[in-house]
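**Student:** What follows is the residue order along each chain.
There are 2 protein chains.
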Amino acid sequence: MKIAVLGTGVVGQALAGRLAELGHEVTVGTRDVEGTMAKTSPDGMGNPPYPQWAAGQPKVRLATFAEAAADAEVLVNATSGSATLPAVRAASAADLTGKILIDIANPLDFSAGFPPSLFVKDTDSLGEQLQAEFPGLRVVKTLNTLTAELMVRPRAVADGNHTVFMAGNDAGAKKTVAGLLESFGHTDVIDLGDITGARGTEMLLPLWLRLMGTLNTPMFNIKVVR
Amino acid sequence: MKIAVLGTGVVGQALAGRLAELGHEVTVGTRDVEGTMAKTSPDGMGNPPYPQWAAGQPKVRLATFAEAAADAEVLVNATSGSATLPAVRAASAADLTGKILIDIANPLDFSAGFPPSLFVKDTDSLGEQLQAEFPGLRVVKTLNTLTAELMVRPRAVADGNHTVFMAGNDAGAKKTVAGLLESFGHTDVIDLGDITGARGTEMLLPLWLRLMGTLNTPMFNIKVVR
Chain A
1 MKIAVLGTGV VGQALAGRLA ELGHEVTVGT RDVEGTMAKT SPDGMGNPPY PQWAAGQPKV
61 RLATFAEAAA DAEVLVNATS GSATLPAVRA ASAADLTGKI LIDIANPLDF SAGFPPSLFV
121 KDTDSLGEQL QAEFPGLRVV KTLNTLTAEL MVRPRAVADG NHTVFMAGND AGAKKTVAGL
181 LESFGHTDVI DLGDITGARG TEMLLPLWLR LMGTLNTPMF NIKVVR
Chain B
1001 MKIAVLGTGV VGQALAGRLA ELGHEVTVGT RDVEGTMAKT SPDGMGNPPY PQWAAGQPKV
1061 RLATFAEAAA DAEVLVNATS GSATLPAVRA ASAADLTGKI LIDIANPLDF SAGFPPSLFV
1121 KDTDSLGEQL QAEFPGLRVV KTLNTLTAEL MVRPRAVADG NHTVFMAGND AGAKKTVAGL
1181 LESFGHTDVI DLGDITGARG TEMLLPLWLR LMGTLNTPMF NIKVVR
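Chains as they are written, first to last, in the working numbering: chain A, 1 to 226; chain B, 1001 to 1226.
The following block holds chain A by itself, in its conformation from the complex (with noise of 0.2 Å):
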């Protein structure tokens, strides 16, 4: 498929990286392509600069979120949660109608330090914010409730034996989205149901931000025993 990943970060660059390796054609979209191919310095947790990742990626392109978003069939959101909506906002310069967005993006204020407080949450979510601002677009809310080395490669922990979930309005979407998940190496996949199931999994980060700090690794999920 033609997808395209919002976000040049971390998150991003497992997710493209990921998908290419998996044979799809992947544009990584971002607000200043020449600004982020300056890039010279590690992120704030030691990762390194978009340009030296992408210089062993050469089937990944990077454009503007509109170029990126284009031409794709399937969008990935992986900016931070304050970055989410004016990513999805210049992406949408481009026609949005009918394209899935997988948002796997978390609603995190890191405004008074850390742990982050949640910026939206309760009786609304970031992936609701999303559906609403963009009703042509079929939202797909997975992949927030665990690391980005794990989102992609579920295996490296009890080799894949936990669970991811996903919450959407649209059943052909999420039937796509699983697919791709189920290509990660996802075994346990919960379809939560509309939308409105992304409050659920967006609340789950003050406890996993917390087990992080306990179990001192974010090499872990959390699998559901029924």
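These aren't lab readings, by the way, just hints derived from the structure by calculation. Don't take each hint at face value.
What the hints assert, rightly or not - The calculated label-pair distances, taken between Cβ atoms and stated as ranges, are:
#1 A:114 <-> B:1189: 23 to 29 Å
#2 B:1040 <-> A:153: 53 to 59 Å
#3 A:82 <-> B:1110: 28 to 34 Å
#4 B:1193 <-> A:109: 35 to 41 Å
#5 B:1193 <-> A:51: 35 to 41 Å
Stated by the list, open to error - A few chain A residues facing chain B, derived, Cβ under 10 Å:
#6 33
#7 37
#8 165
#9 169
#10 209
#11 210
#12 223
Please read all numbers here as calculations on a predicted model, not as lab measurements. Glycine is no exception: its CB is placed at the ideal position from the N, C-alpha and C atoms.
Starting from the known structure of chain A, fit chain B onto it as the hints suggest.
**Tutor:** Chain B in isolation, oriented as in the chain A frame:
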């Protein structure tokens, strides 16, 4: 141990019954002993009224919140989230200094129907509110992430191969609580650190409730796979 279980509903019954079965001296606390013993109809979920349950539990006493708390080394808050602070205030007519309070309630607000929202979240929690108002109590948040039957008989699903969380400021209290959890059959107790760890476990409830609807049963739990 001498244990006071605050709350006469299905959660209080599950805890009191299991603790009595394990040989503890259990008193159930209620706001109004006469009113509780006059109940003849099932609760909103079809669970039997307290007197019917109590008829099969000759060793379990019923008393006011304060009478139950006065004699106990350990208190279990098994009231609903909205009834929690009033119940512990009533119990605090007794001297609670140094006692352990196991808080298993969730701050669910049903005022707008189902699913409930959370009346405290994100930057605070019910567990923290209890610890702040009753600094002499040693509050341990636990068991609020699974259904009552599984709290006390975890082996009913996957032979207990799933996780329960614990958060609190007092290491000695957590050691006592971990021992009780293990006596119930829990095999994976994760200590999330101080009482602020309650935030993440309480915020799991929207996902838990959604999963209950999706799986059509409350008999499931999450396992932290690492």
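**Student:** Check each numbered hint against the structure and report the violated ones by number, ascending.
**Tutor:** Violated: hints 4, 6, 7, 9.
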